[in-house]
Amino acid sequence: MAELLQFAFSGLTVGAIYALVALGFTLIHNASDIINFAQGEFVMLGGMTTVFMATAGIPLPLAMLIAIVVTTGVGLALHRFAIEPARGASPVALIMITIGASVFLRGVAQIVFDKRFHSLPPLFGADPIQFGGAAILPQSLVVLAGAAVIVALLWLFVERTLLGKAVIATAANRLAARLIGVDTRRIVDFSFAVSAAIGAIAGILITPIALTSYDVGTLLALKGFAAAMLGGIGSPLGAVVGGLLIGMIEALCAGYVSSSYKDAAAFLIILVVLIAMPQGLFGRVKVERV
Amino acid sequence: MNLRALIETRLLPAILVAAIVIILPMFFPSGYYYRIGALVFIFALAVVGLNLLMGFAGQVSLGHAGFLGIGAYSVAIGPTHFGAPSWLCLFAGAILSGAVAFAVGRPILKLKGHYLAIATLGFGLLIAIVLNNEAAWTGGPDGMNVPALTLFGWRVHGSDAWYWIAGATFVGGFLLALNLMESPTGRALQAIHDSEIAARVLGIDVARKKLTVFIISAMYASVAGSFLALFNGLVTPDVAGFLGSIELVAMVVLGGMGSIFGSLVGAAVLVVLPQVLTIFQEYEQALLGLIVMIFMIFLRQGIVPSVTAALAGWRKC
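These protein sequence lines map, in sequence, to chains A and B. Counting from 1, position 91 in the first sequence corresponds to residue 91 in our numbering; the numbering is continuous, with no gaps. Counting from 1, position 11 in the second sequence corresponds to residue 11 in our numbering; the numbering is continuous, with no gaps.
Everything labelled a hint here was simulated from the structure, so no lab data went into it. As the structure is a prediction and not an experimental result, all values here were calculated from the model. The beta-carbon is built from N, C-alpha and C at its ideal position, and this holds for glycine as well. Treat the hints with care, as some may be off.
Stretches of chain B that chain A covers, calculated by requiring three or more beta carbons in the stretch to come under 8 Å of a beta carbon on chain A [unchecked claim]:
#, stretch
1, 125-135
2, 248-258
3, 277-289
Bound conformation, chain B alone (with noise of 0.2 Å):
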């Protein structure tokens, strides 16, 4: 690959979304909107992962917030029961959350379509459940809190401070995602997406290279999951629930599966929209049901790949 292929598609869109993190601020009239932004990224880490999975490799996975769960979980057990520092637990969650998906993702990837869906939300509730069970570790239904994450002597706490983690995890998530669909295993999982027999036939090793690709999204969905938690400072068994997965699923489809910056549009869309209809109160449900769906409906490739299919047709003109 020669330099100016490296600087368009690596290069640009990371400055891109890079300008982004560091621009928006000098928007923001409000601390509320660093904490807005840091949830905004924290989402967005977990829906790239979730994107490698469902747009490249084409699996859909219901169940992704159990991995989340997981996250969240050792950051609040891992420093709660065992005194261990919490970054070293963030560390850890991701690596266990590689070995569930390793150990899950073996036999369910072999199930296809609906049927890999439910196993996957099967999985994931399973995940919720046990947390909402195992009151003794978890706090059950109540959860319980996180103690603030302490880098190097620096207790971290306050929006501002998380706003800037966030971001640059996630642009380092977003760089990693984008080096790793250009790498032969994300020309191997596009074409598995494309036809998984013609994948085969090529000698691609289909099994294992969804596994991997299971695996690298587990583990964003669990470094998200941690953030998620630390930054809260609490954790319930919801983060794992169903209608978290069914969100993270949501963000994919709406940015657009397939486009990596589409995650970061998908995440902005649906954490800000709730933020934004708390004002229609009791139609806040209604109006995000209707908005989903009108999205759907009318830009049924997701956001990012219909407006840059529109922008593209318009130029031609």
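If we strip away everything but chain A, and leave its shape as in the complex, we get (with noise of 0.2 Å):
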């Protein structure tokens, strides 16, 4: 028993970082349909711009907070200067686009940083909490926390605010948003900076745990990219629980089966759900019109 606590908890804590990255695909797809496989960069970004900040010195809040904004800097300029200018393209245009930010960012992030894996020290120290026989770092408590957080604070922001009402229109339907007078080009502006800096804190709050460096980011976008579609695409929930669930069937698989298949098991999960259920576990059946 304390075993299967000690592989759920690991589970939760990466499935929670995937979640994020998750609903970071999730933002962006639903104000401009556009898969970002640069939001695993933004994860990388996050986590190694505080590293680097903080070894210059800069204190780690502080340091932290840098990264945020600098992140979402990115995440704004990927929007204006390799999207939007070719806006009209094919899906798969796009997508390429993408791609190719993240081997220019992942490029730019060996020159400026370096090659190496970095650390951060954990917030609350490193002694595990004993827990049903399971030890479990703070740290873990930290990201699924700050997980939590970040997921409440995007509900209460799109349900609550004029802002969110209007991301929650250009998702149902562009024209119609633009119709109403919604600025669109503005909302996907806004999602791409928010999901940049979703990622970024994701960086920040792993990198104590999993460590990180210049290329950590495509097995992250995968992961994240495997959590939005198994959740659905375009369901915030989805993505959320998507993400929690491979975090899961990874931790049990390395737990039980073994380690060298856990990237395995995640995807033949996949595999058998898309089949299963083409639309992902929470995604909205698409009436094609023609």
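The task is to assemble the complex, starting from two chains supplied on their own in separate frames and drawing on the hints.
Structure (structure tokens):
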């Protein structure tokens, strides 16, 4: 039982990060139909910038803030200088642009930073908390709490503010949103910025546990995309559930079956789910109009 | 179809491509260029297959490197563990790839858009993970050596020999693809690309046509993978990895979706570019990403269709 609890907790921790990445995918997809493969690089930038600001002598909280601001800027720039000029291109071409951007960001990161692995000190010490026989890192709780706060804030924002309603309107029907006076271009701007910020926060939260380097983004983007699709793209709830599920499957497979096949387990489940439910767990059935 | 159309749609493009294969070596200053040329044609072969799937049938596959991996490991495992001749393993690999594509394609190709993308991505990753972990058979992450190809007692080695084999096979694959696209199946695929529902109303068996082209494209990739392994004399699981799949898709999109000739151009750009960029050392990756972005922003239809459209517009003026 203690073993299961231990695996479940590490699964939830990683899953929370996947969920945040998936949420980033969902936000940008809802505003613009684009699958942004540079999403993982936002996570890398958040972690790496914090590490290098902190080693430069800047106090940790300030370093984190700078990292979030820098990454948000990168997200905005990605939209303004790469996605906007290619408006009207085919979806595959747009995906290629974001993949190009992710290669570019990785390349810049290895020049500006370096190619080594880095870590951050955990926020509340490194002594594990004993809980039902399982040892839980305090930082795991920070990750889970951080993810929960972000999800709650996002929900509040969407439900309670005018800008949030505009985001929903844009996701539902872009043309109709524009007709009622929503500046959809600014909504896309906004979703790139928020996605980047969420990615940066995810990177800062996970670095004390999982280390970071210039190339951690690819795998995170893959897992985040998988999580978003498992939940059903477009559904924020699906993104969170999908992320947690993939984290759990991986941890349980690594614990009970074989750690070298943990990625295989996650993707096998995704294939099975998609074959049974082609719209993911929470996706809407889209009717194609002729 | 009359003779003139036949010449215009098949013979001229085939002669053009064959001429490229033959004339290019006259400008090669060293044997190194044969190596690059061979790699271009090998990748172009896989890209032609993927282009049939993406550009004509409109189905994205983010896991096509998986088939490259099946082909590559067929010619590695077959001769090493079973003592089978390489050429036989090449064909066996292609048939295995086709069979896998048939089994996987039936459920997967029902998915649409991004769901198809993640399903193919997952499938490709599964192959890469198996290749990485079954070390007893595949040598694990370090990969394994591939015995050289022997044809009628001739042991094929050297970049120039592979240049000619890869070039000739590419011309064959190119002609086959052109033929396929002008056939009823090809027309049906283009109809599916434009509107799946309209195609179904016309009486096209959409699921079957998609599956057919998926199998064909898998076999193209498999043969290219076998060539790659035999040419390098070494194979690692990276050949089947996610980045490999992305590279193939990038070649298709860069050259131009739906342009068979674009497949060659896309493969050439993405094989040659990293070689050129190595002189920039640590800036290599950043520049590669930047160039891909710029190409996609300004030539969003892909290089060949964009240039053709520009030329046509210029001629009209």
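The hints, checked one at a time:
1. 125-135: Since three or more residues must qualify, the claim that chain A covers the stretch 125-135 of chain B holds, with 6 doing so at under 8 Å.
2. 248-258: holds (count 5)
3. 277-289: holds (count 8)
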